[in-house]
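Participant: In the UniProt record's numbering, the protein residues as written are 1 to 767.
No wet-lab data here; the hints were simulated from the structure.
Each hint should be verified, as a subset may be incorrect.
Said to hold, decoys possible - Within a straight-line C-alpha distance of at most 27 Å, the following computed BS3-like cross-link-like pairs (lysine-lysine) qualify:
1. Lys-402 with Lys-584
2. Lys-530 with Lys-584
3. Lys-750 with Lys-265
4. Lys-631 with Lys-402
5. Lys-221 with Lys-23
6. Lys-252 with Lys-265
7. Lys-252 with Lys-221
8. Lys-631 with Lys-530
9. Lys-252 with Lys-402
10. Lys-631 with Lys-584
11. Lys-402 with Lys-21
12. Lys-23 with Lys-675
13. Lys-584 with Lys-750
14. Lys-675 with Lys-21
15. Lys-21 with Lys-247
16. Lys-247 with Lys-23
17. Lys-530 with Lys-265
18. Lys-265 with Lys-23
19. Lys-221 with Lys-247
20. Lys-265 with Lys-247
21. Lys-402 with Lys-247
22. Lys-221 with Lys-631
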Amino acid sequence: MTRTGPTSDIDESALAVTSPKNKAAGLTAVAVSMRRSLEQMGLLRTSRSLARLNHHDGFDCPGCAWPEPLGHRRPAEFCENGAKAVAEEATLRTVTPEFFAEHSVAELATKSGFWLGQQGRLTHPMVLTPNATHYQPISWRDAYRLIADGLRALSSPDEAIFYTSGRTSNETAFLYQLLVRSFGTNNLPDCSNMCHESSGTALTAAIGIGKGSVSIDDLTKADLILIAGQNPGTNHPRMLSTLETAKRNGAKIIAINPLPEAGLKGFKDPQRLSGLLRGGTEIADEFLQIRIGGDMALFQGLGRLLFEAEDRAPGTVVDRAFVDAHCAGFAEYEAHMRAVDLDAVLEATGLTRTQLDETAAALIASERTITCWAMGLTQQRHAVATIEEATNLLLLRGMMGKPGAGVCPVRGHSNVQGDRTMGIFERMPDSFLDALDAEFAMSSPREHGLDTVDSIRAMRDGTAKIFMAMGGNFVSATPDTDVTEAALRNCALTVQVSTKLNRSHVVPGEVALILPTLGRSDLDLQDGTKQHVSVEDSMSMVHLSTGRLAPVSSDLRSEVAIVCQLATELFGPDHQVRWSEFEKDYDLIRDAISRVIPGCSDYNTRVRERNGFQLPHPPRDSREFVTATGKANFAVNELAWVPTPPGRLVLQTMRSHDQYNTTIYGLDDRYRGVKNGRQVVFVNAADIAELGFSDGDLVNIVSEWPTEGRVEERRVDGFRIVAYSTPRGNAAAYYPETNPLIPLDHVADKSNTPVSKAITVRLERAD
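Produce the complete structure using the sequences and hints provided.
Facilitator: Below, the structure is given as structure tokens:
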């Protein structure tokens, strides 16, 4: 497969490379935030939106899921990329029916994701009919009828796929899964399947709940914070403020990552005079530049060193009281760790023995340790085992259920964790389905549904025929782009509920619908009454979000209204679920949630408190572990890592600083020194020379995937080599441009998450 990508509007020859930065934020971040906001929203909407962003009576950022502080909130409670996210959503630019009349689908398919997103907000429902070249307007009623007729015509409800983006509110997510299960399927893939599914799988097995156990307050109380496979400066910039506070309180921070990241080197807080006028705060005390996929080996090597330290000073390293009272499987874990080959650990990680010893010493000295991670860990073949090993170390030291200690998977999109809480999951437990059935006098399907990767396979193979996405950009978020696009085009009907134009709209089924919806910042009036939605952040806090801006079109409908109106068309007005009442009053949805979702009792009262409320977390709250053993479980895993074959590189895909998930804000990656382009591949200078290339050469990237006795190849063309500080044998490039390189079957064990952080590739000189 050969793919150059739809970039006819981007002049990659204008790409320029400068030295990477060693600090994040500062005055430049302020200037970029204001410039982008004013360009997209104008002065009035900029002032009205940013002043209320992440405040108690305002709306939640549509970007990342990092929590707001519980006490005082600063006037500008947002980061550079949060401001960009709001500017993208609250833009005054519009994509009208006239736009679609001017641009055919074939023409739009040649455009980059950046160009598509920059056109503005969708204003009217649109339909693409068989053999048509252009989308055309359609009424809401006819759109709902088209979907309902298609669903009723299926041979089985399981022939439909219902995808969810992490931006969707709790109320929408709850109703969406209710519609889907009322229809008769559990095919509810979501973006969690592609990011933190490995975290949920590992943590559920280890501690009985797939969520993090710490709060912002815990981070500021920690003695030691490990940050593995994560780039806070770009992906969760407000985390840097929390880490800065932790440093002032005496915390030691160790960064574990293949690439040096500006935010973990230094942070110039743009809301503090000292951050602007002085050099800022050095965040990471140590940087362990680990080889891609070597984290599991690191955690196992540390485990062996901790047991050796316990031998030297019995009773000082292993928290025997915690282990004996609250853990299972410790003896097997200890025996396995004592047999770990440290030479193999050093080979797998690329670290020195001194670095290993010093990290072990830091773990031993700390009374309060937190381990944070993101997709650098979760998108590996052995991701679940890696996270289990990180959790093992914390359990060994008793770092669970006490202030300043615990696990911290840093979730991505703003309500991706809330969507899962509300039932967006293809394998919800029977206890949830029992409660749902009791509340709505229904009978939920019990057979597990399809996750994201299996949904693509089903559409590819023709066993799924209708695809509906509640938000997101499915095509650009998923692996194996050519296969994914062919799978969607194989559908009889595709439905995209969206705020803006994206790549998924130009990869239609036989019939395709675009349904424009309100954004997080938009005022939502139902039956003349202002409505609120709620979201859950990365640390299990649930709070209200209320949009204030006038929608750019009177034809926009809220996600809640879209779900309710579609359900009424599909099931009829006499359905046992009160769809029309839910549409008019979101408090009624929250009342239903309070009776179905554990920990959500008295939802409407508690969510209106100043900080909202925190969902229960038994390991954090009372050191209770709801597992098969009734205890926290140590895991035993065979050591695995990702070796680099001769003449090849191991590639990881990643975001640029001008990007959030699949949304491209601009063409600059300021912190890495890239400007005016995206088709670059970062490679160690020694590897560049060894492979016979020079810095700046244009190359094609070819991935190699061994399968059934042969090697499958996928390729993307026209990438510029950039000499960069990466481990030997490793490389990095931006997604979604390099998503075509990731085979659909290249997935993590147990979680089925696409392995986007470990792809074997070779470089070929471009013509």
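Participant: State for each hint whether it applies.
Facilitator: Comparing the hints with the structure gives:
1. Lys-402 with Lys-584: Violated, because 43 Å separates the two Cα atoms, which is more than 27 Å.
2. Lys-530 with Lys-584: holds, 10 Å
3. Lys-750 with Lys-265: violated, 34 Å
4. Lys-631 with Lys-402: Distance of about 16 Å is within 27 Å: holds.
5. Lys-221 with Lys-23: Answer holds: Lys-221 to Lys-23 is near 24 Å, not above 27 Å.
6. Lys-252 with Lys-265: holds, 13 Å
7. Lys-252 with Lys-221: holds, 11 Å
8. Lys-631 with Lys-530: violated, 46 Å
9. Lys-252 with Lys-402: holds, 18 Å
10. Lys-631 with Lys-584: violated, 45 Å
11. Lys-402 with Lys-21: violated, 37 Å
12. Lys-23 with Lys-675: holds, 17 Å
13. Lys-584 with Lys-750: violated, 41 Å
14. Lys-675 with Lys-21: holds, 13 Å
15. Lys-21 with Lys-247: Given pair Lys-21, Lys-247 holds - Cα atoms ~21 Å apart, limit 27 Å.
16. Lys-247 with Lys-23: holds, 16 Å
17. Lys-530 with Lys-265: violated, 44 Å
18. Lys-265 with Lys-23: holds, 6 Å
19. Lys-221 with Lys-247: Holds, at about 10 Å.
20. Lys-265 with Lys-247: holds, 13 Å
21. Lys-402 with Lys-247: holds, 20 Å
22. Lys-221 with Lys-631: holds, 26 Å
In the structure shown, a violation is registered for the earlier hints numbered 1, 3, 8, 10, 11, 13 and 17, in ascending order.
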